[in-house]
Amino acid sequence: MLFRTDLRLGDHRALAAAAASGKPVVPVFVREPDQSGARAPGAARRWWLHHSLERLAAGFENIGAPLVLRSGETAGVVDELIGQTGADTVLWNRRYDPAGIAADKRLKASLHDRGLSAESFEGHLLHEPSRLTTTTGGYYKVYTPFWRALEGQPEPRAPVDAPKSLRRFERGINSERLDAWRLLPKRPDWAGGLRDAWTPGEQGAQKQLRRFLDDAIEGYATNRDFPAGQGTSRLSPHLAHGEITPYQIFGALRSELPDAPAKDIARFRMELGWREFSYHLLFHNPDLATENFNRAFDTLPWRADPVLLGRWQRGETGYPIVDAGMRELWQTGWMHNRVRMVVASFLTKHLLIDWRDGEAWFWDTLIDADPANNPASWQWVAGCGADAAPYFRVFNPVLQGEKFDPEGAYVRRFVPEIARLPDAVLHRPWTASAAQLSAAGVKLGETYPVPLVDHNQARERALAAYAGIKGEQWTPSAPAKRRAPEDALP
DNA sequence: TTTTGAGTTGTTCGA
DNA sequence: GTCGAACAACTCAAA
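Residue numbers (this note's numbering): 1 to 490.
Take these hints with a grain of salt, some might be off.
EDC-like cross-link-like pairs, simulated, lysine to aspartate or glutamate; straight-line CA separation at most 20 Å [to be verified]:
| hint | residue 1 | residue 2 |
| --- | --- | --- |
| 1 | Lys105 | Asp34 |
| 2 | Lys23 | Asp161 |
| 3 | Lys403 | Asp225 |
| 4 | Lys141 | Glu417 |
| 5 | Lys207 | Glu256 |
| 6 | Lys141 | Glu271 |
| 7 | Lys443 | Glu417 |
| 8 | Lys105 | Glu128 |
Quick caveat, the hints were computed from the structure, so don't treat them as lab data.
Whenever a hint applies, use it, and build me the whole structure from the sequences.
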């Protein structure tokens, strides 16, 4: 029984099938080598993975079958375990990143060649990206029709229960030690802020869901935009690691909230729909993380400027809402959705730095870094993604701050050096009077940066650069290669 | 095959 | 200070 990004016991169809078979079960987590083609988890996700595996191993102790940890290519590890156990069946929940799909396809073929049984199950997504097509047989490139099509289908199945016990394999199977994988940061241990903010693991996921349903679903549609509060679900890292499934979330929304406003529930379902859409796009565009979805952007003159990139990464741009977001990311491994859009717009439009640089930084620092969501959303903000915003839409970091952090609680929390500025100038410190600055203990250029770029100038420059590619021919990055339905996922 | 309606998230400008 | 229009042209999806 293979585990990958499905670190849970509940609503795990492969595990449920293994338990129901009555055969002894050997649960295995395979740590694939970096050069396997899969995208290696970034530093923040390695931290999360360590703790999530710890919790998963404890869960397996409880139900009687110890979790085995192994390193290597999945196929090789599976071969070795078959040799050690005489297993006749290998089960897994499907994954949907290009390298994972390829690896599992090879594994399934190799097992079948030897007359062994291989079974895979859904669970990570509400829809199979290979199955959902437009009426003309292609895949969806616009979110709204995609979501309408998905919502038009039968309601997703109910979650399945976690097995109460498993039949243990009679001999012990050797396992690598989690500590030896060195997933946790040492010297320096930068994970303090992550520990304070998050509880990796299935129980942590259920608790977070509970909090969301109790405290935040009502009013979600509006509150979700305000980063100072807890208006979002904060389930993304749990979803990314498969500690909770969208089926469990949809099930809870159906059964536990008969009185919650339909608008809020619909809006939250739609946000999970974006996750589905991202995977839909990734499946049909395996190079989504490296190539412009809209190839017209290939000629956009990005500016390679490591100094400015560094200032953005450290949250030293001089725009408080941008800096607060980047520091929230650095400190907690997560950033509020509204602020993600603002900082991404700032990097790609104000600084004209390639979205891939931002995507790579997020990949390394986000505990919820997701192979589909991360590139799809970066491309969306940059304008080269599916159903792009008009090229002339450039987020104004001052207006965004004033609109969505009007009391400044978010900025004051993450940019304490300007916390004593009055609300009226908090999001634009360079406009504060000398008296206001000195009363707040702020020395621009010393205790807090002067803005890296002037908004209006940067806006004009971005519009000019983006206008320059307007005439380019639009071509999808993955042309018309239709997949047959039977070419389903391994 | 052709036509038609529509497309997450915004900003700026001028009345 | 508020409000509506302009900001482009094009692709997508379905009728």
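Evaluated hints:
A C-alpha spacing of about 19 Å is found between lysine 105 and aspartate 34, which places the hinted pair at or below 20 Å, so the restraint holds. Restraint check: the Cα-Cα separation between lysine 23 and aspartate 161 comes to about 18 Å, which is no more than 20 Å; the hinted pair holds. As the CA atoms of lysine 403 and aspartate 225 are separated by approximately 10 Å, the hinted pair is consistent with the 20 Å bound. Taking the CA atoms of lysine 141 and glutamate 417, the gap is about 44 Å. The hint is violated against a cut of 20 Å.
Proposed proximity of lysine 207 and glutamate 256 is supported: the alpha carbons are some 15 Å apart, at most 20 Å. For the suggested pair lysine 141 and glutamate 271, the alpha carbons sit about 17 Å apart, so the restraint of at most 20 Å is met. For a cut-off of 20 Å, the pair hint linking lysine 443 to glutamate 417 stands: about 10 Å separates their Cα positions. With a C-alpha separation of about 16 Å, the suggested pair lysine 105 and glutamate 128 falls inside the 20 Å cut-off, and the hint holds.
Violated hints amount to a single one, hint 4; each of the other numbered hints is respected by the structure.
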